[in-house]
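Colleague: Spelled out from the first residue to the last, the chains are:
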Amino acid sequence: MSHELNPHESISAHGAQGDHHEHAHHHETFITKYVFSQDHKMIAKQFLITGMVWAVLGGLMSVLFRLQLGYPDTHFTFLEDILGKWWVKNGQITPEAYYALVTTHGTVLVFFVLTAGLSGTFANFLIPLQVGARDMASPFMNMLSYWFFFIASIIMVSSLFVETGPFSGGWTAYPPLSALGSASPGSKTGMDLWIVAMALFVVSSLLGGLNYIATILNMRTKGMSMTRLPLTIWALFFTAVLGVLSFPVLLSGFILLIFDRNFGTSFYLSDIFVNGVGALPNEGGSAILFQHLFWFLGHPEVYIILLPAMGMVSEILSVNSRKPIFGYMAMIGSLFAIAILAFLVWAHHMFVTGLNPFLGSVFVLLTLLIAVPSAIKVFNWLTTLWRGNIRFTPAMMFAIGFVSLFISGGLTGIWLGNSALDIHLHDTYFVIAHFHIVMGVASMFGMFAGVYHWFPKMYGKYLNNTLAYIHFWITLIGAYLIFWPMHYEGLAGMPRRYYDYSTWESFKQFGDLNKFISTVAMVVFATQLLFLFNFFYSIFKGRKVLTQNPWESNTLEWTTPINPGHGNWVGEIPEVYRWPYDYGKDGTDFIPQTVPVGAEESAEH
Amino acid sequence: MTMYLIIAVIILVFLIIFQISKASEYVAVLKGEAQQRKATNKVNGFLMISFLILGLIGVYYCNSLLFPKTLLAHEAASIQGDRVDSMLWITLIITGITFIITQVLLFWFAYKYQEDEKRKVYYLPHNNTVEVLWTVVPAIVLAGLVIFGLRNWFYFTGDAPKDAMVVEVTGKQFGWIFRYPGKDGQFGKKYYKNIDPATNTLGLVWRDSASLNLKDDPSSHDDIVLEQTMYVVKGKPVKLIIGSRDVIHDVGLSQFRLKMDAVPGIPTTMWFTPKFTTEEMKKITGNPNFEYEISCDQMCGNGHYSMKGIIQVVSQEEYDLWMAKQKPYYYGAFPEKDPTTQKADSTLTKAVAKN
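Going line by line, the protein sequences match chains A and B. With our numbering applied, the first sequence covers 642 to 1246. With our numbering applied, the second sequence covers 331 to 685.
Check the hints yourself; a few may be wrong.
Listed below are the simulated EDC-like cross-link pairs for lysine to aspartate or glutamate, each with C-alpha atoms no more than 16 Å apart in a straight line [stated by the list, open to error]:
1) A/K1102 / B/E355
2) B/K564 / B/E648
3) A/K726 / A/E804
4) B/K399 / A/D1153
5) B/K564 / B/D514
6) B/K450 / A/D1227
7) B/K638 / A/E1213
8) B/K450 / A/D1153
9) A/K1226 / A/E1242
10) B/K566 / B/E445
11) B/K399 / A/E1146
12) B/K613 / A/E924
13) B/K612 / A/E1146
14) B/K564 / B/D489
15) A/K1182 / B/E355
16) B/K372 / B/E447
17) A/K1185 / B/E363
18) B/K657 / B/D538
19) A/K1156 / A/E804
20) A/K1226 / A/E1213
21) A/K1185 / B/E557
22) B/K448 / A/E1241
23) A/K1149 / B/E623
24) B/K372 / B/E445
25) B/K638 / A/D1141
26) A/K1149 / B/D514
27) B/K657 / B/D489
28) B/K655 / B/D489
29) B/K566 / B/D668
30) B/K523 / A/E1146
31) A/K863 / A/D1230
32) A/K1102 / B/E648
33) B/K667 / B/E557
No lab work stands behind these hints, which were simulated from the structure alone. Quick caveat, the model's predicted, so the values are computed rather than measured.
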């Protein structure tokens, strides 16, 4: 804000910074450029590629446990040679391994891929470029944010190799199961490593989040008022605020858990008799307390994952429809409403824990309230497409796919948010279908859209379009084939996190369906490898970007050189004169933000 | 061997796809990008509308295939279940209509407004009327759903009728323990440090203990404790008092459409009224092996998937017959107090006493 009040000072400050970078450029070594880089663009790429590694690992885990679910009677002896006897016995995934895989898949995908990989990548990459700053408010903190994430990753990976196995109590880590090594082997060393990794992850995300907020609020270029920010930035801003306010609560929950595990306290433990061990001394704790602390982050976390995808999709839909985003202020308003409500709905994960029914009813009301801003967003996206002139770039395809998935998964949220239905559907496959579509796949689509759209800015190359279209269609069709039928399993009451359904008279009728789902999951996973190949191949051998603004977009990042150095702009940072969505105004295809408002132009939006 | 073959095929497919993709990129460069974009735009626009049509057909096909396998294919087995089902149908209709309208608009717009040189886009940054409209309409519809839902919610979670029978359900890794109050109609006290896996699985307080500061509770002496199977009566409300001995479990009753967590240290409750006996349900579902299964629905350890209990719903007469055969749990731990064995044993004890 300060430079709006005193533009002169601001410009000269930027100028000085720019000189500094010119100077530093000559001394860059491999270590400072690629490893301990403080350039937000490089840090973004580090987050992205680490996130990809995690996505492959987490995806592979789901393929492995889907093998068990889809082919419970088949013996995959070769897996035993690859993974060892703890994981695969007699060619079949063991129950210990199954639960470890389910747990790690959830943790990794939610936190390491869709939080760090998604907002870590795009907040770092887009915030300085789209607000018009040379770098983050604190590049050093930004670097630390990545390296905390990296250490967290290493520790999480190491938990896969301990003798008692990785943590296997579900990604929500409910105590007493997660607190008692005697109740489950996965809650021994595996849980120690899991919780340390997660604590470091919280540190990483706080360092990142504070930086994003500071940069957006303080380092916008001249003329870039808050209401001229692209919706990506607004979304990333609310995401960062959610993270900063809710991650500490999760950490506090973890700290109490560490105390219960190691120092004999009874925050979460009471009246417990463990088979083979006997009665524990702990009395007076509440196992439900952890769930409150966990979901106080856990629910905002859903929006931490979803909002950046929404922001990028809004931007990409507008650019490629060649039409302004419909209802810019309503889009910001709905983001804001979602961000506020995100803090007030956590107990809808706990309707069947014995929660006071009156409290439950308040959470029903607040939960279904979220459907209103969500509906506004969907209608606004649809109206943005209406009477546009749509270019089906790969990014646009994924953005349209995102909207489709968000509708499909969002609508089932209306079922589950209503406690009287949740009491039936809670913890069934209906829930799996719901959150995988709306949070998992939809956000993944947002992420793909972002990668396809900003890859030219990241690497100065294009991704191969044909591979991209193949990637899109197989992934979209596959996602629906995998998750749509799961609603029916849920409507049969089929519980989630079961290793084997064959002994259950109520749930064993879905053998063929499970086989089908597992097979499709493998095909979709293989298609993601195709995308990764496209990504890495194109970094080195892709078609070169020759124009500064390949998508004919209005936002500031396309005013930088094709391969921007540290500091982003050569010379002064451009000034902004208008909102970023002047597409098709007065018959002009697009008017970048840096173009002053002409005398003949019709009034601003 | 087959594995290597599969890997080889996958790699081959990858290579072919890659070659085609690379070639099409060269073609694009030769033909000029704008030309190529128009061509792929047409293809993708066509695929968008095809996806919509095939997708909707797929939704219909999937439903006809899988619907008979869900619980909705037959009536719910409890009065509460009927309410859940009717709510579920209403929610399905509302969300279903929204789903179809929005998905049709999305893919139809994508198809219809694909790039065309002749079209001039309609510069439409916002329109307050429609924005207010589609804020207010969803809000009203959702308010309706909330009211409807909460009425059911308070009915489900409200007090059980006074004439309800009461059964205590306790989860443990990995099974269920059921307790009936016995003749006095009262559950005796229990304390978890009293638990003995062999004779006192719930830790009933049936003897004095100075170290635990406990006094014998006589009302525990006639409590009946069972594992695996519990009996309830058709048409009679049953209230479950739910607890756990170790970690969090969940009493999942899919046929009755209800579930409730079992939390160590914090008792929870749930009540329902079964409508059909197990035998009747065998006919209704057409499955001769039908059972009312209790599934644990909260991750509780590596044996989570095997944590099954059975509820036998029977008529009042059958229930009375069954109950008459049950012995208080107390006698298992103190066989000398059992009146039925006492008579038979009395001669034996006298003989022992003489010696």
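Colleague: So, for every hint listed, does it hold in this structure?
Modeller: Hints, one by one, checked against the model:
Taking the CA atoms of A/K1102 and B/E355, the gap is near 13 Å; set against the 16 Å cutoff, the hint holds. Distance restraint check for B/K564 and B/E648: the Cα-Cα separation of roughly 10 Å lies within the 16 Å cut-off, and the hinted pair is therefore satisfied. As the CA atoms of A/K726 and A/E804 are separated by approximately 11 Å, the hinted pair is consistent with the 16 Å bound. The straight-line distance between the Cα atoms of B/K399 and A/D1153 is roughly 12 Å, inside the 16 Å bound, and the hint therefore holds.
A C-alpha spacing of about 22 Å is found between B/K564 and B/D514, which places the hinted pair above 16 Å, so the restraint is violated. Our distance criterion of 16 Å between C-alpha atoms is met by B/K450 and A/D1227, whose separation comes to about 10 Å. Of the pairs offered as hints, the one joining B/K638 and A/E1213 is violated, with about 70 Å between alpha carbons and a cut-off of 16 Å exceeded. Annotation: proposed proximity of B/K450 to A/D1153 is violated, straight-line Cα distance about 51 Å (limit 16 Å).
For the proposed pair A/K1226 and A/E1242, the alpha carbon gap of about 9 Å is at most 16 Å, so the pair holds. Restraint check for B/K566 and B/E445: not satisfied, since their Cα atoms lie roughly 66 Å apart, outside the 16 Å limit. For the hint pairing B/K399 with A/E1146, the CA-to-CA distance comes to about 12 Å; that is within 16 Å, so the pair holds. The straight-line distance between the Cα atoms of B/K613 and A/E924 is roughly 48 Å, outside the 16 Å bound, and the hint therefore fails.
The straight-line distance between the Cα atoms of B/K612 and A/E1146 is roughly 11 Å, inside the 16 Å bound, and the hint therefore holds. For a cut-off of 16 Å, the pair hint linking B/K564 to B/D489 is broken: about 19 Å separates their Cα positions. A threshold of 16 Å between alpha carbons decides the hint, and for A/K1182 with B/E355 the separation of about 12 Å falls inside it, so the pair holds. For the proposed pair B/K372 and B/E447, the alpha carbon gap of about 13 Å is at most 16 Å, so the pair holds.
A threshold of 16 Å between alpha carbons decides the hint, and for A/K1185 with B/E363 the separation of about 13 Å falls inside it, so the pair holds. With a CA separation close to 22 Å, the supplied pair B/K657 and B/D538 exceeds the 16 Å bound. In summary, the hint linking A/K1156 to A/E804 is not supported, as the alpha carbons are separated by about 31 Å, beyond the 16 Å threshold. Proposed proximity of A/K1226 and A/E1213 is contradicted: the alpha carbons are some 28 Å apart, above 16 Å.
Of the pairs offered as hints, the one joining A/K1185 and B/E557 is violated, with about 70 Å between alpha carbons and a cut-off of 16 Å exceeded. Restraint check for B/K448 and A/E1241: the C-alpha separation of about 24 Å exceeds 16 Å, so the hint is violated. Only pairs whose Cα atoms come within 16 Å are accepted, and A/K1149 paired with B/E623 is accepted, the gap being roughly 12 Å. Only pairs whose Cα atoms come within 16 Å are accepted, and B/K372 paired with B/E445 is accepted, the gap being roughly 8 Å.
The straight-line distance between the Cα atoms of B/K638 and A/D1141 is roughly 12 Å, inside the 16 Å bound, and the hint therefore holds. Taken as a hint, the A/K1149 and B/D514 pair is broken in the structure, with Cα atoms around 41 Å apart against an allowance of 16 Å. With a C-alpha separation of about 30 Å, the suggested pairing of B/K657 with B/D489 is violated against the 16 Å cut-off. For the hint pairing B/K655 with B/D489, the CA-to-CA distance comes to about 31 Å; that exceeds 16 Å, so the pair is violated.
Restraint check for B/K566 and B/D668: not satisfied, since their Cα atoms lie roughly 31 Å apart, outside the 16 Å limit. Distance check on the hinted pair: B/K523 and A/E1146 sit about 36 Å apart at the alpha-carbon level, beyond 16 Å; violated. Straight-line distance between C-alpha atoms of A/K863 and A/D1230 comes to about 25 Å, which puts the hinted pair past the 16 Å bound. Of the supplied pair hints, the one linking A/K1102 and B/E648 is violated, its CA atoms being roughly 77 Å apart against a limit of 16 Å.
Between B/K667 and B/E557, the direct Cα distance comes to roughly 22 Å. Violation of the 16 Å bound is thereby established for this hinted pair.
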